[in-house]
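Student: Starting from the given sequences, assemble the full structure and let the hints guide the process.
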Amino acid sequence: MIEALENLSKVELISLLCEENKAVEAHQKNLLKQEEEFRIQEEKLLQEVTGLKEELDYLKAQLEQYKRMQFGQKRERFEGDSSQLPLPFAAAQEQVLEQQEELTQKIEYVRKKQVSSHKGRVSLPSHLPVEEIEIYPPGDLTQMVCIGKEITEELECIPEKFYIKRYIRYKYAAKNKEGVLIGELPERIIDKGIPGAGLLATILVDKYMDHLPLYRQRQRFLREKIPIPSTTLEGWTKAALERLEILYDHLLEDTKLKGYLQADETPIKVLESDKKGACHQGYYWVYHNPIDKTVLFDYQPTRGAKGAEKILQGFKGYLQTDGYAVYDKLGKQKGVVHLACMAHARREFERALDNDKARAEKALTYIQQLYAVEAQCRENKCNPEMRKQIRLEKSLPVLNDFGKWITEEVKHTFPKSQIGKAMRYSIQRWDALCAYLCDGILEIDNNLVENAIRPIALGRKNYLFAGSHQAAQRAAMIYSFFAICKKHEVNPYQWLKYTLENIMRINHKNIKDLYPQNFKNNM
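Counting from 0, one number per residue, gives the positions in the sequence shown under numbering that gives the first Met the number 0.
Note that these hints are calculated values from the structure, not bench results. Please read all numbers here as calculations on a predicted model, not as lab measurements. Just to be clear, a hint being listed does not mean it is correct.
Derived PhoX-like pairs (lysine-lysine); straight-line CA-CA distance at most 20 Å [said to hold, decoys possible]:
no., residue 1, residue 2
1, K224, K164
2, K174, K160
3, K275, K305
4, K361, K420
5, K28, K292
6, K410, K420
Tutor: Written out as structure tokens, the structure reads:
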């Protein structure tokens, strides 16, 4: 090789050297290209690993959530007050001996005295009727003097009593035989029907308030040897609910005019469906006014934006909802101040405790401070002006610190992780979460409307579905009125019986006097 190079001329050597340099440069370019490809591939692999890790964390969080839903407690409990002492699960030996000695002394004392140490049972209600049973000692008491008496009370119950109300209308004819007079029959709820207002009120309260389906009520009738077919019970229920339609229409129009509404929705299955062999998934849209304590259930076959348009299209005022996208769109309407729900934000962080305990507890502590201010306002029975002032003094600084902390910490979280989702949920609607500070009449969360919805869940477990869209809407009517009864502590049976007896003959100008919130004023 060296001899061959020696025989080459200078020009040939230069040419050969240039070719070698080109080959080296080409090789270097290939190496750089391969290095760039390896780097890109490494970045892709790192991104894939990061994505898989995020997905793994997400799936773990989902699994823990499902396990908790199936097997865990439903209460979202969080205790962030470090000043409280832990429970003494492991007591010291001296403490155990002291407790045993105290227990022994207590047992000996109780055995000697044999007298209950409780403060006494709660007195029985004064409004209940009293049946007095006098018991005298046996034997001849004529030569004895009564020196006192002891009174023992029991709370007793008589099962429901069915009876027949028979109207006997007498006819009178004039002696000149020019006509006949007969007593006028009172207005009946079901024309030519046999159920009275009290029976219909009982059926509706049992079904929609106490969640007793009609077939179980029929079994109760049969035990009393009253054979009422299921179809008859269904017809009575439908007819009684139809009598309430005019009152419900007024409630619906009044709800549209409210300046502050809390809204939520809950599903209800309906047998009437376009798909053979399947139920239709309908929804109750629920609207609550915290000021007047009125509730409106409105059935709609969809959960889309059309479902809320019936009430919220053109609405003006405060609208408080969860993070459902339909409400976000409606909250942007002109004249609407959209409020978010702090309880939903808190729920997201509570779910993140297993994912990132340190950050989740920090967030929950901030929210706990906000609710402590609300509790203080309730305990002091603050009016709206005082409530607003206290919130600005105590809640606003907490919200400012909370917002700054989330904005900084969210940069260090994976978007798909539970803690990342919780932080982004709050950031995306931060202004709406803080909007309750604007007015003392506003609530910090949407819990009041969720409380109104809870009876629906119990009802679904018992009657499973509604027979048709019309039946679901009729149920929405009675759910509305029973929810208002609960808010105003009105006996639903007494209100419904009174309303059914009067709704057909009351002047249409006074129809709102039959609202549950006005019932006590009418009695």
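Student: K275 and K305: Cα distance at most 20 Å?
Tutor: Violated. K275 to K305 sits at ~25 Å, over the 20 Å cutoff.
Student: Is the straight-line distance between the alpha-carbon of K224 and that of K164 20 Å or less?
Tutor: Holds - the C-alpha atoms of K164 and K224 are around 17 Å apart, at most 20 Å.
Student: Taking only the CA atoms, is the gap from K361 to K420 under or equal to 20 Å?
Tutor: It holds: about 15 Å lies between the C-alpha atoms, which stays within 20 Å.
Student: Can the restraint linking K174 and K160 be considered satisfied, given a maximum Cα separation of 20 Å?
Tutor: Violated. K174 to K160 sits at ~44 Å, over the 20 Å cutoff.
Student: Quickly compare the C-alpha distance for K28 and K292 to 20 Å and report which way the hint goes.
Tutor: It is violated: about 77 Å lies between the C-alpha atoms, which goes past 20 Å.
Student: For the pair we were handed, K410 and K420, check the Cα-Cα distance against 20 Å.
Tutor: The hint holds at about 12 Å.
Going down the numbered hints, you'll see the structure goes against 2, 3 and 5, while the others check out.
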